[in-house]
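J.: Please model the entire structure based on the sequences and the hints provided.
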Amino acid sequence: MSEANTHGTTAGAGSAPLTPVLTRRWLSPESWSLRTYEQLEGYTALRTALAAHPDQITELVKSAGLRGRGGAGFPSGVKWGFMPKDRSRPHYLVINADEGEPGTCKDVPLMMADPHSLIEGCVIAAYAMRANHCMIYVRGEALHCIRRLHHAVREAYEAGYLGRNILDSGFDLDVVVHAGAGAYICGEETALLDSLEGKRGQPRLKPPFPAQAGLYSCPTTVNNVETIASVPYIVNGGAEWFRSMGREKSPGPKIFSLSGHVERPGQYEAPLGTTLRELLDLAGGMKDGIPLKFWTPGGSSTPLFTADHLDVPLDFEGATEAGSMLGTTALMIFNETVSVPWAVMKWTQFYEHESCGKCTPCREGCFWMAQVLERMVAGRGTEEDIDTLLDVCDNVLGRSFCALGDGAVSPITSGIKYFREEFLALCESNRGQDNTQDRESALAGVAR
Amino acid sequence: MTEQFDYTRTEHVLDPSGPTPAEQAGSDADVFDERVRAEAGAIVERYPDSRSALLPMLHLVQSVQGCVTTEGMRFCAEQLALSTAEVNAVVTFYTMYKREPCGKYLVSVCTNTLCAAMGGDETYRALSEELGVGHEETAGTPGSEGSVTLEHAECLAACDFAPVMQVNYEYFDHQTAERALETVRALRRGEPPHPTRGAPLTDFKDTERQLAGFFDGPGAREAATASASAPETVRGAELARQEGWTAPPMPDEVDLPPVPDTK
Chain A
1 MSEANTHGTT AGAGSAPLTP VLTRRWLSPE SWSLRTYEQL EGYTALRTAL
51 AAHPDQITEL VKSAGLRGRG GAGFPSGVKW GFMPKDRSRP HYLVINADEG
101 EPGTCKDVPL MMADPHSLIE GCVIAAYAMR ANHCMIYVRG EALHCIRRLH
151 HAVREAYEAG YLGRNILDSG FDLDVVVHAG AGAYICGEET ALLDSLEGKR
201 GQPRLKPPFP AQAGLYSCPT TVNNVETIAS VPYIVNGGAE WFRSMGREKS
251 PGPKIFSLSG HVERPGQYEA PLGTTLRELL DLAGGMKDGI PLKFWTPGGS
301 STPLFTADHL DVPLDFEGAT EAGSMLGTTA LMIFNETVSV PWAVMKWTQF
351 YEHESCGKCT PCREGCFWMA QVLERMVAGR GTEEDIDTLL DVCDNVLGRS
401 FCALGDGAVS PITSGIKYFR EEFLALCESN RGQDNTQDRE SALAGVAR
Chain B
449 MTEQFDYTRT EHVLDPSGPT PAEQAGSDAD VFDERVRAEA GAIVERYPDS
499 RSALLPMLHL VQSVQGCVTT EGMRFCAEQL ALSTAEVNAV VTFYTMYKRE
549 PCGKYLVSVC TNTLCAAMGG DETYRALSEE LGVGHEETAG TPGSEGSVTL
599 EHAECLAACD FAPVMQVNYE YFDHQTAERA LETVRALRRG EPPHPTRGAP
649 LTDFKDTERQ LAGFFDGPGA REAATASASA PETVRGAELA RQEGWTAPPM
699 PDEVDLPPVP DTK
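Residue numbers (our numbering), protein chains in the order written: chain A, 1 to 448; chain B, 449 to 711.
What the hints contain is simulated information worked out from the structure, not anything from laboratory work.
Incorrect hints may appear among the rest.
[As the list claims (entries may be wrong)] Output of the computed footprint for chain B on chain A, the stretches with three or more beta carbons under 8 Å from beta carbons of chain B:
hint, stretch
1, 101–110
2, 284–295
3, 301–312
4, 332–338
5, 393–399
[Unchecked claim] In silico EDC-like cross-links for lysine to aspartate or glutamate, where the CA-CA straight-line distance does not exceed 16 Å:
hint, chain 1, residue 1, chain 2, residue 2
6, A, Lys85, B, Asp497
7, A, Lys417, A, Asp308
8, A, Lys199, B, Asp664
9, A, Lys62, B, Asp497
Bear in mind that the values here come from a model prediction, so they are computed numbers and not experimental data.
C-beta: ideal position from N, C-alpha, C; glycine also.
T.: See below:
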């Protein structure tokens, strides 16, 4: 099982294929309740943290090598270290629980099954960053999560884990659970901040980064749910323990979400660097034995992989070296029955719908790409359309404030890279035909 | 698999000079009475800056009227000292703010790629035919028992349960066309089935009240503690338990790093 995992791994030889840390309590009865949480070491890390100096906590998270679990993989301790040390302005901790990247389904179950681990992480992180306000921005469609979190926050206030003078430490923290209203872009940290300020959720130009000017132009750190929920375990287990799982540059356990054509889809918490081959083994293999065709390592914004990538170590470096990105470890698995151009079209329609409209290349580019793909899938495309698509991709990638446009081109460029013949086959019947009229209407853009 | 279809889109035009159909459905100044004003004030209290209250306040408005009307926008603008145009700009940005009155049940079918490949497109089409409505359209009189608004949704963060559907944002897992039709027929009869995970269904307005941050309705406590566990969620944890796999044990003593030198 661990054979493909030994290269570059720091884990001991006896490391188990699954390492439940974040998911450890999920099997307990009423795992979401404060009582269960406290019985299973809950809020013990908080006592340790509050007895320490805030900067010791940041140093600990740095040395543990925890990297952001929301997709970008930025070292969390380094991010926390960007926060100013003085308290001349209020500091804010904002939790990004706007889980919406297609394929991603790890934060919602975490918040439903174990909301207190997130809340404990919030208190520790806020203490380290000298923040007395924490906002948890949950996507509005996740109503039961919002309800659970609200309930858990109330329990935590009543037990003295939130509010004034937490556990007699002199530290104060207020937590607000904030429901979004349906916009994928609000998962982008600066768009999330605008949304939290009661505006349209549109990304801001960086710099200034949120640590300088975030929520209400005050020092702010935005972290993903899974990242913050990992913090209590790092405080209790230490950096070395955390690094005993995963790989040197991508340490720790990670919740891998398997969905699609697998026998047993679900949440599997394994060390970073685990491969899809290993995960598929755990999940009972491909559904009905129909062979794998393509998959995403971390949501639709990460370039597609194929059956040739089964042994790619799924950590931040491994996925990047193989030409994709780790993203949110949302493994969407598609078998041979699924058409790649159709899947790419569906994703592109998603990006077209969710582009916030602020930057022209993304707003217009996604629209055009969707039009071209819709025409191709309808059997009215030509070979030239493939070049047109790639050309438009080239004009979208890296040309906007945020990464939505970059994500939009990922399925298209990777789909064409690995499955060009499928796109060509769609155009076969139109070879040599004049489709100028069609093309013009597609590029007219606003006509629909 | 290569089939594609257009979702019917309803274009909304706001005419400030006359009432929209939404407003005719029951809005006058009295709709936002003292209680609603007090609740709007309570939302503002949660935040260091009043404008942050706008998104939850719009959910509150929807809990009163079943959608966001011009009147609702004016109400928010008044509470937050904004212009109606500023509020309108926000309302039109977010998909959860509905511009026409919603049914008692809002049915959202995920038609993003993975769910679509697993049957979501077929489910959406079947429901659309059954109800005789398109995207963001309502079968029955909005708000009345058995009225259902249909919409297609983007990824609902429950991909391990694909194809997924929500009713009033509660999860209904593995909704093939057949199962979804059963669910929706029951809704039409006014016999809402229990969601696969989450709290028993009430109605869209009550849902919106919770999204505004008010969890005081009847059965709120039961709702908060309603089961959300599902085999998919705990698959890894369950397998690890069966196999005896655990994370490495934590050391008994952990030394925190020293306080770094600050110059």
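J.: What are the numbers of the hints that this structure violates, sorted from low to high?
T.: 2, 3, 5, 6, 8 and 9
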